[in-house]
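Enquirer: Which chain is which? The protein sequence lines are A and B, in order.
The first sequence begins at 1 in the working numbering and counts up by one.
The second sequence begins at 1 in the working numbering and counts up by one.
I should point out that these hints are in silico values taken from the structure, not numbers from a laboratory.
Ideal Cβ placement from N, Cα and C applies to all residues, glycine included.
Just so you know, not all the hints are guaranteed correct.
[To be verified] Label pairs and their computed distance ranges (CB to CB):
#1 B:73 - A:222: 43 to 49 Å
#2 B:208 - A:200: 42 to 48 Å
#3 B:13 - A:234: 46 to 52 Å
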Amino acid sequence: MRLLLRYLRIVARGQLRYRSTFYLNLFGQIALPLSALAGVSLLFARFGNLAGWTAHEALLCYGVTNCAFALSELMARGFDSFSSILSNGEFDRVLVRPRSLVSQVLGARLDLSRFGRLVVGFVVLGWAVSGLSVEWSFLKAVTVFLMVACGALLFAGIFVLGAAFAFVTTDGLELINVFTDGGREMAQYPMTIYERPMRFIFTYLIPFACVNYLPLMFVLDKGSSPFAVLFPLIGALFVVPCLAVWKAGVRRYVSTGS
Amino acid sequence: MNPYAALFRMRFIRGLSYRASAIVGVATQFFFGLVFIMVFQAFARSGGSSLAPAQIASYVWLQQAFLALIMVWYRDRELLSTIAAGDAAYELCRPVDAYFFWYSRLLGGRLAGAALRCLPILAVAALLPDPYRLCPPPSVAAGLCFVACMALGLLLIVAITIFAYILTVVTLSPSAPFIFITPVYEFAAGMIIPLPFMPEALQQFLRVLPFRLCVDLPLRMYSGSIAAADAPGFLALQALWVAILLPLGRLTLNRAIRGAQSVGG
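Generate the whole structure from the sequences, applying the supplied hints.
Expert: Given below as structure tokens:
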């Protein structure tokens, strides 16, 4: 953890050196999700509700998912672009250092411009919360917090799993984008609008439903018991087997040489 | 063979060789297509949609299948890095018109990307169960107008995006122009949500801009959401935009080149 903070400080100093590039990327990272958000809010302006969910209820889902994804992208980019770390031999250097592998890989590709999406995500969250008419309680606030934190861990789990495949293929497995970018796109909206097979995959194979839909039902008083506060934690457990697969990959790793 | 056609052919064949990445791309786009259709149709079920479910499905599938022809963020990285690194100076020594040389290069790259991806997506989409199925166009005329609008739309999008490359000649920063144009285009062309889902006033404003002629027009022409009878007017409008942007781009590029200094050697 201390190591990670140190990485963060170094990266911040480094990336802010190239100020105009940094602001440019930051602008891009804000503008893109913002234009997508504009699309969604226009859809709500036009149709009023989404399968019985009001705009603010659905936006809570949208905000939570985007915050979680942004956090994950900010921190776990090292696993996302792990194939490049493998193929240029950087991983060999990582292995010889007497520090935790995971934090080193996390630290290798921190990208501060990803704060952009995080900002947009928090704005949406604030907007949704201010417009909701539900009775807030401490437990609900904790639930929302857990949804973001555990959602980030879940996305990180997918990044790590993708990185594990890179041990086999060296050239990254871009198919994992279906579950990262695709998962984000899908999880922005309440799960009920999707067909059964899709819901099945994103509930039981990758437990997205645990970090947004199920706990949301509790937060929005749509039924579901207060135990829903525990669901995000189950979702976060997804990262454990992913890390195990990745570590198995590390043990069998043979350098690509270069 | 004339040099522009040769370069076009070269880029086309080059593009075809990236088969593995195309397969992955197809899978990703297919998934995104399904999600978009489910989201739009769920919204549309809430009432008052001017697009029928089948029209939504065809809009999304065509968008995914021909993504390489209509998206703004298709980038020829090689060309961009040549410009940024100054190697473009060699190209400028060739006895060809730089503008049309780049233009045919970009055109070829886009067509190759689409050629690889469109057929599998269209084939699978046509076999899906009903609200998700890609239906054939309502009439032969609609189908033909779709092809014509798509072709002119492609000429237009290349004429638009080439300005990003020209700008790179001046700024030497290959990503900056795209960072600015992408969110605007995505929204204004109907890539994020179809234009008929937007408020009327906004639609009227976006109709003034050329962007929707590349996406919204051809995709809705296919499903009959824009009547085939209106096609001649739209085709003329597309041709007009191309006729304005081509000479303008050529002029700008020649200006930019004259002002550019090659760094090092």
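Enquirer: Would you mind marking each hint as holding or not holding in the structure?
Expert: Hints versus structure:
1. At roughly 38 Å, the beta carbons of residue 73 of chain B and residue 222 of chain A sit outside the given window of 43 to 49 Å.
2. For residue 208 of chain B paired with residue 200 of chain A, a C-beta distance near 45 Å keeps the hint of 42 to 48 Å intact.
3. At roughly 51 Å, the beta carbons of residue 13 of chain B and residue 234 of chain A sit within the given window of 46 to 52 Å.
In the structure shown, a violation is registered for the earlier hint numbered 1 alone.
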